[in-house]
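Visitor: Model the full structure from these sequences, guided by the hints.
These protein sequence lines map, in sequence, to chains A and B.
No gaps in the numbering here: position 219 of the first sequence is 262 in this note's numbering, and each next residue is one more.
No gaps in the numbering here: position 55 of the second sequence is 252 in this note's numbering, and each next residue is one more.
Among these hints, one or two may not hold up.
[As the list claims (entries may be wrong)] Computed footprint of chain B on chain A; a stretch qualifies when at least three of its residues, placed anywhere within it, have a C-beta under 8 Å from a C-beta of chain B:
hint, segment
1, 237-243
2, 254-268
3, 272-279
4, 309-322
No wet-lab data here; the hints were simulated from the structure.
Heads up, the beta-carbon is just placed ideally off N, CA and C, and yes, glycines get one too.
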Amino acid sequence: MVSKTEEEQVNRLENQVENGGGGAWEYLCLVRKLKLRRADKVLKYGFSVLNDPSKRSALGPEEWTLYEQVAIAAMDCQRLDLAKEFIKVLQRKFPESKRVGRLEAMLLEAKGLWAEAEKAHSSLLEDNQFDQVIHKRRVAMAKAQGNLAVAIEWLNKYLEIFMADHDAWRELAEIYVSLQMYKQAAFCYEELILSQPTVPLYHLAYADVLYTLGGLENLHASKKYYAATIDLTGGKNIRALFGICLCTAAIGQLTKGRNKEDKESLELQSLSALALEKAYKQRSPAKLSLLSSTLRSLKVSL
Amino acid sequence: MAEDLVLDTAIRDWVLIPLSVVMVLIGVLRYFVSKLIRSDQVPDIKIVKEGQVIIRARNLRAAANFIPAKSFRARRHYYSNEENGLLHVPKGQAQNPQAQMFSDPNMAMDMMKKNLSMIIPQTLTFAWVNFFFSGFVAAKIPFPLTQRFRAMLQNGIDLSTVDVSYVSSRSWYFLNLFGLRGLFSLILGEDNATDDAQRMMQMGGFGFDPTRSLGAEKDGLDIVQHDWALPKFEQRAVAVLKKLS
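Guide: This is the structure we're talking about:
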């Protein structure tokens, strides 16, 4: 995660570089450190640094790291010609390197030569089966080909070894959701909540999945996780507020007849409706009528 | 001890400075030698996996209250059932690290290489300093110190009457040995400084046994009482929203 101060710093540096204030190298370092994806900027400024012999030699051994970074950015921007050039330079410098091999495999991937890229990846994996980047590249490749079942298979294989990698769990959860395999997705989100219990987005996503699964028990749980999201975000998350309203309405529908709804849940619902109304009034008054008609259809009393 | 000892300038030129220079040079040399003989360690897949299992189980233990009871029970069963739970270590399979070390010659080899680059130059320099420079008072610190520093600063001089602010040559060697880290990180780059003090600390930690921590984690997981925290969150959300409106 990128903290706010870091983001500000990046944006400030980006502005500075854009207006010709220098500091390109610092900007590139920061982008690399925070793993941001600003390929166009990285390509532009990295290329200008690499093209200037005096600037380039000032970097010393860091020069090669920059080559790598810019090559990846070039692939991201579909400037495959440039990427190829950079990789060639690196290849000349480090003929036997696995890291360069990885770049070459990525280049194949960027060209869409899936079979060859796959071959390159598996030969790299044979040398070092713990290369997490290559495992992930494989998943990304399967995903790029639209082959989600294969992507799931790779991800599961990867998670069998690196089961504490929460980014992989998140990826898997998202793939499951897109395939409408909600039970599996729910498991993944539970895993994410376990690893980072204070991130509201995971609670929110888990609540979404539970709501979609349906059933009284799941709806109750879903409402609780929406409540947790509200608590963690200080009531600023609109989706969670809507979620509370929807859950309460759905629960009300299911328990019609034996109406033992406690007051508290109704209170939570009306409070979230109020908070929603307030937020809409503040940010987009034009859509207020839409909101009130929606809430009315959910039989939420304001 | 009213009068000060006068140190010969020759001591500075022939003991103090050469000693420091030699220490620096040896440090640099050792860095390159250890770089040459270092082999890339490929970790065992089992060990990597065990480490990851432990992290995941620890997460589960720490945040158990954030997932529904059903999910928690399923996970606990997955980790710690007696047949094929991830944390379950079958009896007798727990290898003790000593045996493991002997069974794996690579491991012993690595240890030896590490020690080779550390101990041999150290012994040699120590012997060299001891032989040529023993008993010198090599320097004087410009401020007074208490008696407790005598062991640190006057190693090799058994005179209780010498003022503590004088540094013996052997102590100067030790000060250099442990104090040159900053200089090395300047010369050799940030992270590849040869840091003796740290390496010695690592030596103590060797012999770590993953199976034991697996067992400990399993016991910890077994006694966790699941108490779903989420119902409380509803009340908290109500409070948050009340404050907002």
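Visitor: Each hint: holds or not?
Guide: How the hints compare with the structure:
1. 237-243: holds (count 3)
2. 254-268: holds (count 4)
3. 272-279: holds (count 4)
4. 309-322: Coverage by chain B holds here, the residue count being 7 at a Cβ distance below 8 Å.
Of the hints listed earlier, there is not a single one the structure fails to meet.
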